[in-house]
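Participant: Protein chains in written order, with our numbering: chain A, 92 to 560; chain B, 92 to 560; chain C, 92 to 560; chain D, 92 to 560.
None of the hints are false.
With a cut-off of at most 25 Å between alpha-carbon atoms, the simulated DSS-like pairs for lysine-lysine come out as follows: (1) B:K495 / A:K184; (2) A:K545 / B:K316; (3) C:K281 / D:K281; (4) B:K179 / A:K495; (5) C:K316 / D:K545; (6) A:K496 / B:K179; (7) D:K162 / A:K162; (8) A:K179 / A:K154; (9) D:K495 / D:K513; (10) C:K545 / D:K316; (11) A:K184 / A:K162; (12) B:K281 / B:K226; (13) D:K179 / C:K495; (14) B:K184 / A:K496; (15) A:K316 / B:K545; (16) B:K495 / A:K179; (17) D:K513 / D:K496; (18) A:K513 / A:K495; (19) C:K162 / B:K162; (20) B:K496 / A:K179; (21) D:K184 / C:K495.
Pair by pair, the computed Cβ-Cβ distance ranges are: (22) B:P514 / A:V302: 22 to 28 Å; (23) D:D319 / C:D319: 39 to 45 Å; (24) C:E156 / B:S304: 51 to 57 Å; (25) B:R453 / A:G305: 42 to 48 Å; (26) C:G375 / B:P142: 26 to 32 Å; (27) C:Q493 / A:R453: 29 to 35 Å; (28) D:D241 / C:Q324: 25 to 31 Å.
For the record, the hints were derived by calculation from the structure and aren't laboratory data. We treat Cβ as the ideally placed atom computed from N, Cα and C, and that holds for glycine.
Number of protein chains: 4
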Amino acid sequence: MRVQNVDYGVLSPAWAGSQTAALCSDAAFCQAMLEVERAWCHVLAEEGLIPTDHLAAIAAAAKVELYDLGKIAADAVGGGNPLIPLLKAYRDKVAEANPAAAASIHIGATSQDIIDTALMLVISRAGSAVLTTVKAAAVALITLAHEHRDTPMVARSLTQHSLPATFGWRVSHWLQALAQAGQHLEETLKQTALQWGGAAGTRASLQDFLVRSGSTSSTDELAAKLADRLGLQNPLPWQANRIPILNQANVFAQLAAACGKIANDVLISVRSENGELGEPLAEGRGVSSAMPHKQNPVLSVLIKNGALAAPQLLAQVYTGAVANVEERADGGWHTEWEALRGLIRTTGAAVEKTHELVSGLRVFPEWMADNLARHGELLATERMVAHLAPRLEESGHVGIGQGKKQLQELISRSLTDSTPLKPLLLAELPAGLITEEELTNLLDPSAYAGDATKIVDDLTSTYTDWSHT
Amino acid sequence: MRVQNVDYGVLSPAWAGSQTAALCSDAAFCQAMLEVERAWCHVLAEEGLIPTDHLAAIAAAAKVELYDLGKIAADAVGGGNPLIPLLKAYRDKVAEANPAAAASIHIGATSQDIIDTALMLVISRAGSAVLTTVKAAAVALITLAHEHRDTPMVARSLTQHSLPATFGWRVSHWLQALAQAGQHLEETLKQTALQWGGAAGTRASLQDFLVRSGSTSSTDELAAKLADRLGLQNPLPWQANRIPILNQANVFAQLAAACGKIANDVLISVRSENGELGEPLAEGRGVSSAMPHKQNPVLSVLIKNGALAAPQLLAQVYTGAVANVEERADGGWHTEWEALRGLIRTTGAAVEKTHELVSGLRVFPEWMADNLARHGELLATERMVAHLAPRLEESGHVGIGQGKKQLQELISRSLTDSTPLKPLLLAELPAGLITEEELTNLLDPSAYAGDATKIVDDLTSTYTDWSHT
Amino acid sequence: MRVQNVDYGVLSPAWAGSQTAALCSDAAFCQAMLEVERAWCHVLAEEGLIPTDHLAAIAAAAKVELYDLGKIAADAVGGGNPLIPLLKAYRDKVAEANPAAAASIHIGATSQDIIDTALMLVISRAGSAVLTTVKAAAVALITLAHEHRDTPMVARSLTQHSLPATFGWRVSHWLQALAQAGQHLEETLKQTALQWGGAAGTRASLQDFLVRSGSTSSTDELAAKLADRLGLQNPLPWQANRIPILNQANVFAQLAAACGKIANDVLISVRSENGELGEPLAEGRGVSSAMPHKQNPVLSVLIKNGALAAPQLLAQVYTGAVANVEERADGGWHTEWEALRGLIRTTGAAVEKTHELVSGLRVFPEWMADNLARHGELLATERMVAHLAPRLEESGHVGIGQGKKQLQELISRSLTDSTPLKPLLLAELPAGLITEEELTNLLDPSAYAGDATKIVDDLTSTYTDWSHT
Amino acid sequence: MRVQNVDYGVLSPAWAGSQTAALCSDAAFCQAMLEVERAWCHVLAEEGLIPTDHLAAIAAAAKVELYDLGKIAADAVGGGNPLIPLLKAYRDKVAEANPAAAASIHIGATSQDIIDTALMLVISRAGSAVLTTVKAAAVALITLAHEHRDTPMVARSLTQHSLPATFGWRVSHWLQALAQAGQHLEETLKQTALQWGGAAGTRASLQDFLVRSGSTSSTDELAAKLADRLGLQNPLPWQANRIPILNQANVFAQLAAACGKIANDVLISVRSENGELGEPLAEGRGVSSAMPHKQNPVLSVLIKNGALAAPQLLAQVYTGAVANVEERADGGWHTEWEALRGLIRTTGAAVEKTHELVSGLRVFPEWMADNLARHGELLATERMVAHLAPRLEESGHVGIGQGKKQLQELISRSLTDSTPLKPLLLAELPAGLITEEELTNLLDPSAYAGDATKIVDDLTSTYTDWSHT
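Make a model of the complete structure from these sequences and hints.
Facilitator: Written out as structure tokens, the structure reads:
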């Protein structure tokens, strides 16, 4: 077995083996570059600007598996970009089949046109697959939210129990974040765009070629045909404007954050002491032969890993763009490539894992109930105080504004003395202020989930149609 | 003069003294928190849920200048957020005027509601001002692009002269980037949103309050009225979903990158050796008494400073969001605040400086012409080769595919021997292949700017209407 | 109360009100700049190069409280750095008292000398205070580790229970990380360095001044005296070399990471379901009147906040340095300032909070014991298998290499059927393979903590002397 | 040709094909993991704890080329780390040759021991090679600095000409930064450390194994032997303390910044308008067939690319460490790997390119002289004012403190009216104040380079010995 000086993803289980990794691999990117070159030849041939019989050789050679990508990568150092050696190899391959056809390739184009456009193709393809997975995950989340719409669970704030809610309610917020990020992705994918400007971005060479060829087409018209053929938008040349790249990058980082939140929640919930959730079981995943009681939450661990990496990958893309200067940057542009691919790859893989995670999440309502019961009636003291403080004041037992204070002192005494709160209140509050039954109801956490289930209904219905498109 | 333990911006000339800094200062943020509290009281009073005569005291106390922000900041450490001490101080202030009114404040709300909503208000206000400045800068850029639509200038790629273009063409790309980022800002500003969920986000306390009060309004209806009053959108509660914050943050970093590109270009152009541009002169700016020949490009230096800082500030916001967990994060949420404000402040100030920069940019066409002439006819050899290589091949003087090679050897000889290219070509090319006049035209850089001026027209017209709205 | 356009730290409870914030405030930095200017005058006066009677006015004016820092900050925009307006104000103040003395200030110096040196002074002063706090925290950790050297606690890996250990053992690793980072700080603080090079870094102006003055001292000798007076090292000028700044910045980010780890552990342990730790109680900290059962771990939340922010602040300093160019960078240098101060401030405050946290941490051994017991004898199956697998194979009951597999099947059956493991093993294993007593011992988690207590002893003794210096 | 879903570096010319990339490739890392496993078996065999005749099979299988790294990477997802599938494959391979030997592998160890230790081995090996290259680059810089010790060149500040200096002086600051970062690397490489703690870090399994085996060795003694065999330090287990990793990461980012500064300077200097430097020429590098006048500074472009990426890679390592929790983090640890390797790889490749760059840099003293002459005598007005202002005041022609102002007005008039400064001064200054010869000398830039050449001598001698070790 030949060991190449390449990355297999050994250090990156966050994305190794993922579908997204394949869709934005070096091979996928080189294939995209070849497709841009080939599509341009088709446009020119359709216009009668190059001989149609060149196309057979041009198309036949536009297959990435024909090229030694290790050599392309190493040779890219000479000119600072991979298109230069790939184009040379492509021309040589075409010339083998049809020597004249080699001259029909790359007319009026420049490295940046091919690289930026190929990056956009990769974004479009990998992004579309990611979007499909986001929607599938959203569907799973909607199902999960509905199923546990009424499953009682305590909400937590700053690690502490705050108020009663339901598990479906928490899930509906997972959905809200993931779907919002997914909708942002959907919007930006519609803006993946051709870059076509020639050496400096002025289309001088192309225009001159059209004049020489006696063509009546404009450079714009040809660019529009190329964009159409590639399934991309056709804005004016943007080689010196990196906003289109930044705008695409952003949404992936948003998705990573949405997935990371879900993983964070799962990672708390699978702890032995919490026990509310379990990751889906899969053969060979997360088990430890030495420690049979362990069920490592590997999906969540790797999703979290991806989410932690994403902000810096985004910042790397931005830092590259910030170093943009003149008509082609002296290092900034180059910095965008690896980081952008890294961001898409890491995020897409996190989305895939999130889909698997939420589709098979094991939910343990009894643990949720047990945990919710830990602080018992204390969870609803907010309500009790809201009800009784005004009565205390109105009844004249305490001064205006003193009701709340008085009740809090009783709560504190209950906590300090480990005295149950209800009997204490019944004993200490003025007779007739409240009946025992009323107090029992007031202190019942399960009746204090507010709009939780309504929010489940509203959030799931908000995203149901979208997630099924 | 009292020296407080505060930041005046001494270490941050990138934003010190800017309009944006004022719009997102600690005072502006605290004012926004007070306004959220006050507006909520107005909503409740309109609904008859609190006494209308409480509003006078409530409104009178909602003025940030009444509070010791240094103390608020220090006391925020106790509960981990600034709303807690500010709310206490606010209640005390209200109680001084009307003791009963203090109980009408913050009903059903939680710290996160106020803080997230106030952040959105700050984004909305500072962002709107930034957008206005972006548009003003765009107008200035359109004017500049028109003025120099035909001013010849060499385009540069990887620091090197590439092809002829015009200065207006370069400016039109500045415009393209800034306007695109500005349009993204405009879109996201429409999505600034109220967060209103109560302690855990379930609206339990508010719902209970409505029941107690015998109100027929729903929590949603009240939230909608509050959002309307604050000029914000009214989505479902999103306390556990940080995508709305990330989405706002993104666009500021895009703007910073767009400004940074302009500054980078200016910083090259104001060099003594380049000389193509000068920053607008202003009393006391950029001068050095020790070195009178220096005219430091201070605007661009500080814009670049801001642009360099922005990616990390964005990554900081994202990292906070990635640490989001459960219903209120244990540190992640808190990490968003300072970074988000820092990002808005730095970016807004960069936009202000960019506006000033491009509005008064001094352009030196004669330096542009001199620099363009440095490589003379070499700039157009791409075109010459494109024209002559096929003729050479068709004429049978060289084999198929050899024309380009032959011409490049002549160009190389011209470079190596410092021989002028035109006479060399005339001497070495087969007689009759080309006339001297034709060759002169082919090698004339000024006639090889492609679509440059058309791109100026197209880009400026694309953004003209928008920038004037 | 005047509301200035300044930061009080309202958005930054991670550092607001901290000692470190005061030590690296705008005022502290401006004071440091004034001290550098003053100290240089003292050096020159000692050399007889300026009149000694100028020093009174020069020293009297070198007090930051005499200056309007808001104005300094705003005016810094004109020249791009704060020294320019401060120096002007300083000269004016000196001239008020002694007109001739103003000319004795800043001789041969440049803005960068003062700013870089003042930053180093701030690093030195704030850093020294931070180091003192680190050592105090280390002392507290040693005490805590000793106290809980033998307190049983389960170790966790990937959120799951792994093997038995002790709480003191975990604490000893907190110590290890914090002390290592502290030792790195101690080393780098010894390298805080004067920058003294004059306008371009060549010391031309100073050298010329010495010649004019007929001085026999070298520029090096004077710089050495200045460094000595300021308590800094005196390397050759390094204005164009930012490694000294990066090297200082690094150690703060390390400290933040060490503190963040402690906070992360505490934030898991204070959860209601875990219960192993409690933050130190303090009046008004972390309590919620609405939710009396909550005890928000505010110290840890804010430490985590600081730790999350630190990597990006470090990256911001680095990004500034990466943009370094020629003899003074056009924006890169400026980017270092705010980020460096932010990093020191955030980190120092995190260290302060960590000190408070570990000094008063409430430890609940009974919760630790309960949690440890959750998986009971399963925690020690690794040992049981290690002991019995070879016996099974040697006894011929299973083939070579099959012992482990056989035992794991029994463990799995125990888990699946919820059958206690020990009786199952006794029933299923070949008679005579092991006695019940022996098996009980093998499965006792409390006897399987390995070197845990030895590691406590070794780690605490490693850092005891250092932490008391 | 099989196209695998792997990275060849097509998107990363910053490091593709570099020596460092090979030294920290997936293969190199997997080889390091195998070596750790093998070395541990050797230690155990030497102690008589496993049969010596197992070693042949164990050593024979410890060759990375025997394994399918693509499969290892994909399978790593199951357990969240690559050691698990590699260990399984390793055991299978050993068992093929010697079934009993498989049980002798990995005794008492855990994934983290192998992964952390293998990372340290990779750091040690790649880092040592990088250090060698740093020293070679330092030697080249010393030569370059000596050669151009006296080559006049203008120093620049904020893009503007500041004062005269020499090119060797600038180079000596390149050296200063690179050598300081290199010395930091040298120091930290001495601290690359074994991690050896077993499943939770308590060494329980190993200790139990020693007891069972009747060994009298301590776990410490065995760890020390392993560390010694691997050429690493042997601290106490540090699995829960990431400072050792952060400390290694830091120095690479410092090196990247030092290289980036050099590249930035070159990228300015190779511009057509500046012309002071040229990159070393190499066959096929940096040339453009379409634009023959271009000589793209590809080395510097790719060094800058690497330098721009490094801060975010460092921040990614730190962010991973900040997410550290308990005894093995749930995603934070995993985030360190890819980023750390990325940082080493990017930096090492930048150092290699910097070595090549500075070893063959083409220097054009005549362009330096031309550029220096652009502002002529204005460059030395600082000195002129310093000399003449006191004379003017002492002579009574102007009041105290007015001399400088008067002279600056004359300079301004010279600039405004484009009047040569010297005749203007001679005409306007009081007769007898200065002779023409004296004034000529005062305004001669070439005599105003201060300590520039002395600094060259001092800096080069400071690092000469070190760079030759």
